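Trainee: Quick note, the sequences are listed as chains A and B, same order.
When we follow this note's numbering, the leftmost residue of the first sequence carries the number 43, and every step to the right adds one.
When we follow this note's numbering, the leftmost residue of the second sequence carries the number 458, and every step to the right adds one.
In case anyone wonders, no lab produced these hints; they're calculated from the structure.
Predicted model only: the values in this text are computed from it and were never measured.
Check the hints yourself; a few may be wrong.
[To be verified] Cross-link-like lysine to any residue pairs, in silico, SDA-like; alpha carbons within 20 Å at most: (1) A/218 <-> B/638; (2) B/500 <-> B/561; (3) B/633 <-> A/128; (4) A/128 <-> B/577; (5) A/85 <-> B/585; (6) A/107 <-> B/629; (7) B/636 <-> A/101; (8) A/85 <-> A/56; (9) B/659 <-> B/700; (10) A/85 <-> A/174; (11) B/719 <-> B/472; (12) A/107 <-> B/585; (13) A/239 <-> B/585; (14) A/240 <-> A/230; (15) A/107 <-> B/630; (16) A/128 <-> B/700; (17) B/636 <-> B/623; (18) B/500 <-> A/103; (19) A/144 <-> A/131; (20) B/627 <-> A/85; (21) B/606 <-> A/248; (22) A/239 <-> A/178.
[Stated by the list, open to error] Some but not every residue of chain A turned toward chain B, in silico, with C-beta under 7 Å: (23) 125; (24) 126; (25) 127; (26) 128; (27) 186; (28) 189; (29) 195; (30) 197; (31) 201; (32) 208; (33) 211; (34) 215; (35) 327; (36) 330; (37) 331.
All C-beta atoms, glycine included, are put in the ideal place defined by N, C-alpha and C.
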Amino acid sequence: MIYLYGDSFVENEPAENLGQRDHKRWYDYMSERMNEENENYGKCGEGPSTSLSKFHQHYEEGHFKSDKITHRFVFFLSSPYRIPWKWLEPQEDPKYSPEGFKSDRRDGIGISSAYQDWDVEYEKINHPHPREEPLNTEYYYTPEEYFTQTSVYEALQDELDHLNLKNIAYLHTLSKLNNWPMMVFRVYGMNPNPFRKKYDESLFRFERLNDETFHFYPVPMHDQSSKEWVDEWIAESGTMNHFTHRNHIILSNIITNFFLQKTGSDRLTEQWHEHFIRSVVNPEHRRDHDPDTFVDFIYE
Amino acid sequence: MIYYYGDSYVENTRVDDLDMEDHERYYDLVSKNINEDFNNFGKAGEGPWTTLTKFHDHLYSGMFNSDSKFVIVLSNPYRIPWTFLESKGISATTTYADWIVKQDGREHLIEGDYTSEEFYAIDSMYRSLQEEINHQNFKNITYLHTISKANSWPMIVFRVFGISPDPFGKVYDEDKFIKPFTDLNDILFKFYTPPLELQSSKEWNNNSDRVIPDQSTINHFTYRNHIILSNIITNHFIKTNLTEIWHERFIRDVEKIERNNKQLVDYIYN
Numbered sequence: 043m044i045y046l047y048g049d050s051f052v053e054n055e056p057a058e059n060l061g062q063r064d065h066k067r068w069y070d071y072m073s074e075r076m077n078e079e080n081e082n083y084g085k086c087g088e089g090p091s092t093s094l095s096k097f098h099q100h101y102e103e104g105h106f107k108s109d110k111i112t113h114r115f116v117f118f119l120s121s122p123y124r125i126p127w128k129w130l131e132p133q134e135d136p137k138y139s140p141e142g143f144k145s146d147r148r149d150g151i152g153i154s155s156a157y158q159d160w161d162v163e164y165e166k167i168n169h170p171h172p173r174e175e176p177l178n179t180e181y182y183y184t185p186e187e188y189f190t191q192t193s194v195y196e197a198l199q200d201e202l203d204h205l206n207l208k209n210i211a212y213l214h215t216l217s218k219l220n221n222w223p224m225m226v227f228r229v230y231g232m233n234p235n236p237f238r239k240k241y242d243e244s245l246f247r248f249e250r251l252n253d254e255t256f257h258f259y260p261v262p263m264h265d266q267s268s269k270e271w272v273d274e275w276i277a278e279s280g281t282m283n284h285f286t287h288r289n290h291i292i293l294s295n296i297i298t299n300f301f302l303q304k305t306g307s308d309r310l311t312e313q314w315h316e317h318f319i320r321s322v323v324n325p326e327h328r329r330d331h332d333p334d335t336f337v338d339f340i341y342e
Numbered sequence: 458m459i460y461y462y463g464d465s466y467v468e469n470t471r472v473d474d475l476d477m478e479d480h481e482r483y484y485d486l487v488s489k490n491i492n493e494d495f496n497n498f499g500k501a502g503e504g505p506w507t508t509l510t511k512f513h514d515h516l517y518s519g520m521f522n523s524d525s526k527f528v529i530v531l532s533n534p535y536r537i538p539w540t541f542l543e544s545k546g547i548s549a550t551t552t553y554a555d556w557i558v559k560q561d562g563r564e565h566l567i568e569g570d571y572t573s574e575e576f577y578a579i580d581s582m583y584r585s586l587q588e589e590i591n592h593q594n595f596k597n598i599t600y601l602h603t604i605s606k607a608n609s610w611p612m613i614v615f616r617v618f619g620i621s622p623d624p625f626g627k628v629y630d631e632d633k634f635i636k637p638f639t640d641l642n643d644i645l646f647k648f649y650t651p652p653l654e655l656q657s658s659k660e661w662n663n664n665s666d667r668v669i670p671d672q673s674t675i676n677h678f679t680y681r682n683h684i685i686l687s688n689i690i691t692n693h694f695i696k697t698n699l700t701e702i703w704h705e706r707f708i709r710d711v712e713k714i715e716r717n718n719k720q721l722v723d724y725i726y727n
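Bound-form chain A, shown alone (with noise of 0.2 Å):
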C-alpha cells in the first residue's frame, strides 16, 4: 500500500471542480506501474503540520502495523506558513461575514486563503506599492485573529523557514527505524519568506540522506509546475495537482523508478516537459460548475 499525504499536488480532486476534462493523475499511473494501490490522504490548502497530524493519527491508530504488505510513503511539504487555526471553522455568527469582502465565513476558510490574506494585509500595511491598488482579503478577519497570525509569524519565523528541513529529517529517521520506502518532495523552497528573508539553501543538502529506503526530491514542485509556462508565471493554476498531463507522468516515473529502484535501460524518463504553456483560453470555466464547459492551454 502506498500513503500519499500533502496538498492540491496530491489531493485526488474531481476534475469539474477545476474546470477541467479528466486525465490520469500520476497516483493512478504509480499504482498501475507498481500493481499497488494507494491510499489519498491529500488535501488542497494544507499545510505540512496538517499533513504531519494526519500521518501521526494514522501511525498512532496502528495503521501502518501489518508486516503482511509494505508499507510505503510519498509526502508533499507545503508552506509551514499554512497553520490549521481553529477560528478558520464555519462562524455562523454575521459579525464574521460583513459587507465588502469576496467570500463570507459561513462555510469557513481554508488554511492556504488565510496565509494568503494575511500576506495580503501584510503587504499592504508593511509595504504599500506607491501606485498600484492594494489588493483585498478575501475573508474578514477580528483584529484578534490578524494579531495572533502576524504575533505567530514573527515570533515563529526562523522555525517555520526551517520546518520542513525538520520534517525531512524526521521522515528520515521514521523511514529508517521502519524500514518504510518513502519519497519526499517539498512545494517551495525557503526563499523568499514572508518578511524577506533570504536563506542559503545549499547549507541543508539534504539530498544526501538518499538511498534505497529513502528519497528526498529537492527541486520545489511549485516552481518545477511554473516551468510548465513559457514565461515561467502560472497564469491559471487550474491543471490538477498543478501539472498537465504529460508531467503526471513524468512526476509517476520518479516515484515508481524510486520505490522499484528501476535501473539502466528499465529506468523510465525522468525528464520534466517545461516552458510549453504559451497562454489559457475561458479560464472562467473553472468555476462556472458546468461540466461540459474547461479551461483550455494553449501550447507552443
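Got chain A; can you put chain B on it based on the hints?
Mentor: Frame of chain A, contents of chain B only:
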C-alpha cells in the same frame, strides 16, 4: 570549540543570582577533560524554538568549523518567544505558566500583564499547533542528527522534559515514541533519553511527586551530578569510560546559611 545551547540547564548562571556557593560546572569539567574551550549560549527560560534560532544564526554566520562540537539541551516547546512580550520583559516560561493557570481557572496566579489580543494569540497558537508542538523535539532531534552527520560534527542532545501528558492532557506512550530514537546514536551523535528535569528531581530524597522543593542548584544539579553530566558528555566526545551513574535521593532538606556575611542556600544531605 564546544558549543552549548539550551535553557537553565545550560546557562552559565552567575552564582550570585542563585545565592549559592560557586563550584565548577559540568561545562567547565568537560573542557578540562577534553582540553577544549567552550562557548555557552544557554539562557534560562528559553524553549527549543529560540535555541534552534540561535544555532541557525551561528550556522549562517559561519561560526562553526570542522572541529566544532555541540551540546544541545532541548527544553519545553510550549515556551514561545512572543515578540510582543519582549518590551514587557515577560519570559516565555512565565507566559506558558500563566496560560496553564488560566486553563485551570486560577487566574489570580497570572504574573504577566497581557492584552486580550495577546492572550487570544497565545491560546489560539497552542490549540491550533498542539500536535506540531508535541512532536517538536522529535523533529529537532532528527534534524540535529542530520546536521551532525552532514558536517561530521560530534553532538550530544538532551531533553529537559518528557512528552506526556501534554498540557491538554493527551498521553503518549513515551517508550514507544522515544526508544526508537536511540537507534540514531553512534560515534558522532548521541541522544540522551532520560529527561534532565526528572533526573534533577531524583536528587531529592522521598521525592515521589517529582516536585523539586528548591530550584537554586546551579543548572538544577548539585556538584556531584555536574561531574556525572560532564562524564556523559566527555564519554561521548572522546570515548572515555567515566561513570555515568547519577547520584540520587541524597538531599533531605534545604536551609539558609550565613557565610561571609551573606545568606546562602544550602542543602542537607543524607
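Trainee: So which of the earlier hints does this model not fit?
Mentor: Violated: hints 2, 3, 10, 12, 13, 16, 18, 20, 22, 29, 35, 36, 37.
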